[in-house]
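Generate coordinates for the entire structure from the input sequences, incorporating the hints supplied.
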Amino acid sequence: MTGRHTVVVDLGYGDAGKGTVVDWLCASRPVHAVIRFNGGPQAAHNVVLPDGRHHTFAQFGSGTLAGARTHLSRFMLVDPLALSREADHLRDLGVADPYSGLTVDRDALLVTPYHGAANRERERRRGDARHGSCGMGVGETMAYSIGHPDLAPRVGDTASPYVLRRKLVALRDAVAAEFGELDVPPVAACVEAFRLFADRVVIVDGDALRVLLAAGECVFEGAQGVLLDEWRGFHPYTTWSTTTVDNAMTLLADAGAVELPRRVGVVRTYTTRHGAGPLVTEDATLTAALPDTHNGTGAWQGRFRVGHFDAVAHRYAVEVSGGLDALAVTHADVALGRDDLRVCEAYRVRVGDPGSDGAGGRTRTWSRIEPGPFTDLGYQEALTGRVEAATPLLAPASADLPAAIGDMLGLPVDVVSWGPGRADKHAPGRMPAGV
Amino acid sequence: MGSGRWSTDVYDAADRLRRSTGTSAFAYSDSGARAVHDALNPMNVTTRESCDSDEHPQSVAIAVLFDVTGSMRNVPRILQSKLPGLLGLLLRKGYVTDPHIMFGAIGDATCDNVPLQVGQFESDNRMDDDLGRIVLEGGGGGQQTESYELAMYFMARHTSIDCFNVRGRRGYLFIIGDEMCYPRVKRAEVAAVIGDDIGEDIPTKAIVAELKRRYDIYYILPSAASNAGDQGILDHWRDLLGQNVIELDDLDAVCETIALTVGLGEEAIGLADGLDDLADMGSGAGDSVGKALARIGAVSRGAVVHGPRIGGSTAVDDVDRLDKAVAGPDGNDGVIRL
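Chains as they are written, first to last, in my numbering: chain A, 12 to 446; chain B, 6 to 343.
These are computed hints drawn from the structure, not numbers from a lab.
Predicted model, so just to flag it, every value in this text is computed and none were measured.
Fair warning: there could be bad hints in the mix.
[Stated by the list, open to error] Have a look at the derived ranges for each label pair, beta carbon to beta carbon:
hint, chain 1, residue 1, chain 2, residue 2, range
1, B, 247, A, 265, 34 to 42 Å
2, B, 102, A, 423, 51 to 59 Å
3, B, 61, A, 40, 19 to 27 Å
4, A, 423, B, 218, 44 to 52 Å
5, B, 173, A, 40, 55 to 63 Å
6, B, 20, A, 39, 54 to 62 Å
[Said to hold, decoys possible] According to the in silico footprint, chain A covers these stretches of chain B (three or more CB under 8 Å from chain A):
hint, stretch
7, 13 to 24
8, 92 to 102
[Unchecked claim] Some residues of chain B that are not near chain A, with every Cβ distance over 10 Å (derived):
hint, residue
9, 40
10, 52
11, 63
12, 128
13, 129
14, 131
15, 197
16, 208
17, 213
18, 214
19, 255
20, 296
All C-beta atoms in this analysis are idealised placements derived from N, C-alpha and C, irrespective of residue type, glycine included.
Rendered as structure tokens:
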């Protein structure tokens, strides 16, 4: 172990199983709190209880059912309305008082119904050029906060009705100016709901993190995937969020943590993408054969797509994360016994003059996606073009695919997941009985 | 609204939040408990200890006891929401390196089921757990008297604090309430609640004098409380504690007030520095805290057993600067400009 806190990120495009890995981490050792450090209510981290009941964690940490607290850091976007519904579902699952284990940083941005309405309207107008948004307003919330840093509603404002009202009126008017009158609730109703939220949750300053980290082992739970990162992903098919370990490392440094955390990357035994954007190893047969339990076709997000394990893309994810300490490999059970799953360690790209029929020039292999200068979106967009034009060089998958994945990414495998529950998590090299 | 998995409309969310209200901060109390939680029961407790350790070599004991009668019901709820901030403020600004915080609650031994609840001195957010276990009884009140003297008896005879034992520095006891003490610590009540046989009643003034040797005692009267501004109550506490009676006009500022009082007592800051710190952190509590602590900041801590004291001139300068800041041309917008 390099340190007692753990940072968990998804090395793909999301959906690799961070929730189930975090739940297992929290159930297998005394974890004090799960700290969320990016994204917002659009996260969907699935955890299945031993009795088969299931919860999709969006704003509560995926360690909740294992008894860990949740802290929403200042990097989070918080949707109190969605959170209330998630809390009720957790209570139905037997969490006596979900709010009592929750602290929220007062600087976290608030996602409001106005952001959501603007988000859906903007996507509607994009038509076929949709970005694969979840339709909840996360991107709008980030964009508005960058354009209007002083007017962006924040969690701390929920306890100050006058401040909140002023900010919501400005926001509502800005949305109406851009999109016309949308179907949105009155400001007064939002102020009231947010005030109830402020009464219900513990809103804290950034300093609270210091206390939390000192109280016991914490798990930083990332959302989405590193390949969707706002700066390192394949622009513009990215999310408005830093999905690498950077935010977690910043929070740790700000809190004065000395020990480095253990940084764990989560990958499936195959690579998936929900929505539009590059997926070099995509295979229509696999998409049809491996539908996902928790990921249908979202009205706003688009199709769930499946491809072979893309070591090139995942290695790029490790590299732009500044290196990791270990892997968690999920969906080992799905890969078992499938002879149609392959792995991709290099792409084929066409160079030189393509000629009039597009088939000219030469081809060469491309095994490392080179990170560009940080925050250079022009570079990222060019990268997207190159990746979209690439075809995968597919090789047969090894019988012990999780071990092979560790070798391909050059990282030790901490845990292999053979099913949705905690009991399905095992040390590498050991296939559980009954699989 | 929205289309994510948990999205919900604003009215539905308000309903959900409203229905869930009142089960969080004081889960034990709100679950209907009417007996003291084992973890907070003073009966047969030998000592509550604040000990130095390798991890916390410079422990400073800070006890916060509050009245839990009906008129004060909001205070514990606000404390609970502010607490992580209190500890962080103390630590980040270096007012204290190793604060050990204890929470407790005071009722009325003549008529309440739970007249005294005392947690442990804790250095992390386990203290939140103690807060969650406090029973908010809502009895007492009416006669403007609560059993503060019983709580002070417990603090005097059943706590052991290394800041005093090892370094000769007094700990801090904050009592937050809006009523007066009974005149004597009653033998029968001590036996029934704490389990000691003290032979005979002890005058409240005597127990206060005994407690003052090891603790600086502060009384905080939130002016939102029902008896706020009652001169009789202020006089009563000033008679017992001198200038250490703090009138606070904004209940939300209670944790900032405690933090700055400790900062002043530890000679880590002057009042103006502390108010600067609050402004740095974006706290809007500066005005209320500044008003509440003007007297304490001016006089500084009473006699400290060992060590130097804040120079009087510095403290007076601080108050001058504060007066200018509060009354300054920029207006009272919650931001202190010095």
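Within 44 to 52 Å: is that where the Cβ-Cβ distance between residue 423 of chain A and residue 218 of chain B falls? violated (59 Å)
Are there three or more residues in the stretch 13 to 24 of chain B whose C-beta lies within less than 8 Å of some C-beta in chain A? holds (count 10)
Closest CB of chain A to the CB of residue 296 of chain B still more than 10 Å away: Non-interface label on residue 296 of chain B holds, nearest chain A Cβ at 20 Å vs cutoff 10 Å.
Nearest-CB test (10 Å) between chain A and residue 40 of chain B: holds (19 Å)
Over 10 Å from every CB of chain A: does residue 52 of chain B meet that, or does the non-interface label fail? holds (24 Å)
Beyond 10 Å from every Cβ of chain A: is that where the Cβ of residue 63 of chain B lies? For residue 63 of chain B, whose nearest Cβ neighbour in chain A is about 15 Å away, the distance exceeds 10 Å, so it holds.
Check the non-interface label on residue 131 of chain B: least C-beta distance to chain A beyond 10 Å or not. Non-interface label on residue 131 of chain B violated, nearest chain A Cβ at 7 Å vs cutoff 10 Å.
In this structure, is the beta-carbon distance linking residue 20 of chain B and residue 39 of chain A contained in 54 to 62 Å? violated (37 Å)
Interface exclusion of residue 213 of chain B relative to chain A, criterion Cβ beyond 10 Å: Given that every Cβ of chain A is farther than 10 Å from that of residue 213 of chain B, nearest at about 32 Å, it holds.
Distal placement of residue 208 of chain B relative to chain A, Cβ over 10 Å: For residue 208 of chain B, whose nearest Cβ neighbour in chain A is about 40 Å away, the distance exceeds 10 Å, so it holds.
Interface exclusion of residue 197 of chain B relative to chain A, criterion Cβ beyond 10 Å: Per Cβ check, residue 197 of chain B is outside 10 Å of chain A; nearest 32 Å; holds.
May I ask you to test the hint 34 to 42 Å on the CB atoms belonging to residue 247 of chain B and residue 265 of chain A? With Cβ atoms ~41 Å apart, the hint holds.
Comparing the model with each earlier hint shows violations of hints 2, 4, 5, 6, 12, 13 and 14; every other hint is respected.
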